[in-house]
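J.: Following the hints, complete the assembly by docking chains B, C and D onto the known chain A.
Chains as they are written, first to last, in our numbering: chain A, 9 to 223; chain B, 9 to 223; chain C, 438 to 661; chain D, 438 to 661.
Keep in mind the hints are simulated off the structure, nothing from the lab.
Hints may be right or wrong, so weigh each one.
Residues from chain A shown here face chain D by an in silico Cβ test under 10 Å; the list is partial [what the hints assert, rightly or not]: (1) K103; (2) V113; (3) T147.
Glycine included, every Cβ here is placed at the ideal spot set by N, Cα and C.
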Amino acid sequence: MNGGQDLGGMQGFGPVIEEQNEPHFHADWEARVLGLVLATGPLGLWNIDIGRHARETIPPQDYLSFSYYQIWLAGLEKLIARNHLLDEGVTAKTKGLTKLTLKNVATTLARGGPANREAQSAARFKVGDQITTRNFNPTTHTRLPRYLRGHTGEIVIVHGAHVFPDDAAHKELHDRGENPQWLYTVRFKATDIWGPDKNPNDHVHADLWEPYFVQ
Amino acid sequence: MNGGQDLGGMQGFGPVIEEQNEPHFHADWEARVLGLVLATGPLGLWNIDIGRHARETIPPQDYLSFSYYQIWLAGLEKLIARNHLLDEGVTAKTKGLTKLTLKNVATTLARGGPANREAQSAARFKVGDQITTRNFNPTTHTRLPRYLRGHTGEIVIVHGAHVFPDDAAHKELHDRGENPQWLYTVRFKATDIWGPDKNPNDHVHADLWEPYFVQ
Amino acid sequence: MSSKPHDHSHGHSHDHSHEHGEFSDLSDTELRVRTLETLLTEKGYIDTDAVNELIDTYETKVGPRNGAAVVARAWGDAEYRTRLLTNATAAIAELDYKGRQGEHMIAVENTDTVHNMVVCTLCSCYPWPVLGLPPIWYKSAPYRSKVVIDPRGVLEDFGVEISADKEITVWDSTAEVRYLVIPQRPSGTDGWSEEKLAKLVTRNSMIGTGYALNPDQLVGEVQA
Amino acid sequence: MSSKPHDHSHGHSHDHSHEHGEFSDLSDTELRVRTLETLLTEKGYIDTDAVNELIDTYETKVGPRNGAAVVARAWGDAEYRTRLLTNATAAIAELDYKGRQGEHMIAVENTDTVHNMVVCTLCSCYPWPVLGLPPIWYKSAPYRSKVVIDPRGVLEDFGVEISADKEITVWDSTAEVRYLVIPQRPSGTDGWSEEKLAKLVTRNSMIGTGYALNPDQLVGEVQA
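The shape of chain A in the complex, shown without the other chains (with noise of 0.2 Å):
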């Protein structure tokens, strides 16, 4: 969807301003916020694409005004009264679900999510190959942003076949489940991106699924 998470390539926000001996959390409440949403992934009721999501519909006024922590909070909010954790008479235990414990907690880490799944078919695109990105606006969670859409690349990469996040995040409109797609690096040139106005040497590098490709 094209909401406040959609950056790249917007004016105005002013410089890049790094603070300097930066703490890891400016407020306690910012640590909790992190350990919360890593603690209740786990629980397996969101995938990172429906939680992504999540955040990413938090209206642009609000997303933009918002710490980073405070769009995380937002969204895990989101989530948790989606799912009636919190609904009176509603446990842990009366949903199935099994919290994670401190003795678990460097194993899951260590573990992760990879992404990666078995390709149901062949990829149709090898490194060298020219594709061009659809134009296409879904008011629905893609990860192919609104400045790389229309615009012809180089395949640089190819990934294998990863879990399609257009179609992860939203369990509730279809069962096509993880659909794994096959993944690629896709180089663009800054001119042909942003106009002949860009440095001629510059270029953009995304990380872009088949079925972003006009076929």
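T.: Frame of chain A; chains B, C and D shown alone:
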């Protein structure tokens, strides 16, 4: 510029909500802001394009959070500061400026600010011609919104030469004055702009100047 | 019941700082405006009577009744309709509506096959001489962002039904040209006077987010 | 002197209302978080010790020193460098850095002709196992919006000089692949140990918003 003002095609703001029996102003200060903007314009220190750029350079998180008269106020404050109107020792008299008086209000509003000018050259396009808009991303003022860049449409009205905002807004950068350019209404298919899932009956029109077209 | 433990007070926090445009509540804004007006007046840039007159003009004199008169005349007078569609600025000036934010007018006509909607995605351009000042929703992010990409969704927001096979045409006012929609004349109005026809013409019908009223909607209906 | 009559208090007003995400100040946020944690704990979804351990992991155990060790080894060991450039996930796992937000790693190498920069325009994707949690600026709108359209302007913001004829390549982390920049090895470091080399490798140099330190910058320099 791709600022907070460039809203066409953004998503996530929620439904359009009409206020029943909406008053002209929601607070007295809103009326005063309207009056101040209209009263200071005739001082001749800035034109409509400079005024628009003053508003669109408000950081996006503010632009999207402000009410519209707050945007006008912030823009007006910038213009006043940039022209040093309120600096110590400076007055309308020392600046050689004449204020709008009560007796001139009606004629000033009736005159308005026509933007048509004598053409500097012949029109390069006529009704029925196909044009493709340029892909550019200036940090300066433009009236070619992001959603209409790099798209093909058909000329349906030729308006004559009009003040070219991209230049008129930036007296401080270059001395091209109003640099009048041919202005056209261009008709785009919704499916071309947004993708094939849009209603094939639908269209968007915009008023675009000749320099916005790929030549 | 929602378990969200946060309130809905007006105002929210910023972790990042920026250098302008911030103020804590409406009374601060009011103070800013008052101070600005006082200083501009003292220094001779503005005249209070002129400011009052400017406000009064758009608060009490110029509004959508002007546009309604134009539309009603076009409905009732085929030659005027032709002039309006050919040179709207001149045709509208026949009724003495002209000037600021109406210098270059175009009238677009709704038909059985086409529905027109007007927006300014980049700011708040609006045909002041015929419609007055725009309503909040017209200047708001929801309308400006959505009507060009999802005009049918916007009509739904307004409770307006439209068939999928009717063309929706959106006019994005990116230049100094201003657009007035001529809504379709409702049936059952044959022989009506211009004054009576004008009562059917709502502001929203001249922007494209509504239709003209039917005769049976007229009684008791507040004219926006 | 500025005549702007407004203050800079933290918080600003909304004329429009919306239904979620609002709160008036940090203490409200704190209260929201505390209540949420309490309820989640009481209902058995989370374990406080686990939450504490998760926080502690990223506050004290995982950070850019991991990435610096990877880079230093690549600088000093040509075969490791080849493995890192060929299969970064496996090469990084040799140093026991792996897992969440580092499942699919790619290492990109700065050279005399190419400078790499990493971003996630759509959220805040960042290679946690090697760099820890991202700094605020990495997650901020200024960086995410600007680095893809004006990477040279971003380098200027960081005070980093770069020649116009050097290629700048930006990697937008739009999938679950995470990028680590291998900065150029500074001259004057021949024969240095990996431990000593690692001290030259700043966090920013592994994102691309800085270079590795020169030996003469090492003394007294706080390692970010």
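J.: Each hint needs a verdict: does it hold in this structure or not?
T.: Hints, one by one, checked against the model:
{"no.": "1", "hint": "K103", "verdict": "holds, 8 Å"}
{"no.": "2", "hint": "V113", "verdict": "holds, 5 Å"}
{"no.": "3", "hint": "T147", "verdict": "violated, 15 Å"}
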